[in-house]
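Trainee: Produce the complete structure using the sequences and hints provided.
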Amino acid sequence: MSDILRELLCVSEKAANIARACRQQEALFQLLIEEKKEGEKNKKFAVDFKTLADVLVQEVIKQNMENKFPGLEKNIFGEESNEFTNDWGNLPLWTSVCHHFNWCL
360 MSDILRELLC VSEKAANIAR ACRQQEALFQ LLIEEKKEGE KNKKFAVDFK
410 TLADVLVQEV IKQNMENKFP GLEKNIFGEE SNEFTNDWGN LPLWTSVCHH
460 FNWCL
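Going left to right, the sequence shown walks through residues 360 to 464 as the working numbering numbers them.
Read the hints as simulated data drawn from the structure, not as lab findings.
Virtual Cβ for every residue (Gly too), placed ideally from N, Cα, C.
None of the hints are false.
Result set (DMTMM-like, lysine to aspartate or glutamate): computed pairs, CA atoms no more than 25 angstroms apart in a straight line: (1) Lys400 <-> Glu439; (2) Lys421 <-> Glu385; (3) Lys433 <-> Glu399; (4) Lys433 <-> Asp362; (5) Lys421 <-> Glu442; (6) Lys396 <-> Glu418; (7) Lys400 <-> Glu442; (8) Lys395 <-> Glu438; (9) Lys373 <-> Asp362; (10) Lys396 <-> Glu442; (11) Lys427 <-> Glu438.
Restraint-style ranges between C-beta atoms, simulated for each label pair: (12) Leu364 <-> Pro451: 30 to 40 angstroms; (13) Ser361 <-> Glu399: 28 to 38 angstroms; (14) Asn376 <-> Ser455: 14 to 24 angstroms; (15) Ser361 <-> Glu385: 32 to 42 angstroms; (16) Leu431 <-> Glu372: 11 to 21 angstroms; (17) Glu438 <-> Gln389: 13 to 23 angstroms; (18) Phe404 <-> Glu442: 14 to 24 angstroms; (19) Ile435 <-> Lys403: 20 to 30 angstroms.
Mentor: Next comes the structure, spelled out in structure tokens:
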């Protein structure tokens with residue numbers, strides 16, 4: 360159990376680093392903001408948004424935990440979909456954290 364807690368502390372620091380980068384380069388991270396669709400919205404809010412920063416944090420945590428604890432990936436879920444669409448509703452963009460740079464191309 361202590362290995363899981365240690366890794367959670369590690370990924371929480373990575374999430375904090377992403378948040379710090381977002382505050383420093385806000386214009387860059389404001390490029391991808393999307394209003395959530397009806398099925399994705401939090402029912403507590405009339406309007407709910409997801410940002411690239413939210414998705415990056417979620418994907419980094421998921422990828423790190425999967426690497427450290429193989430088999431855990433089927434039990435890691437996040438609030439945000441990693442898909443963004445443009446203003447015309449087509450050309451989806453999927454955000455993912457890959458093991459190797461070449462896998463992302």
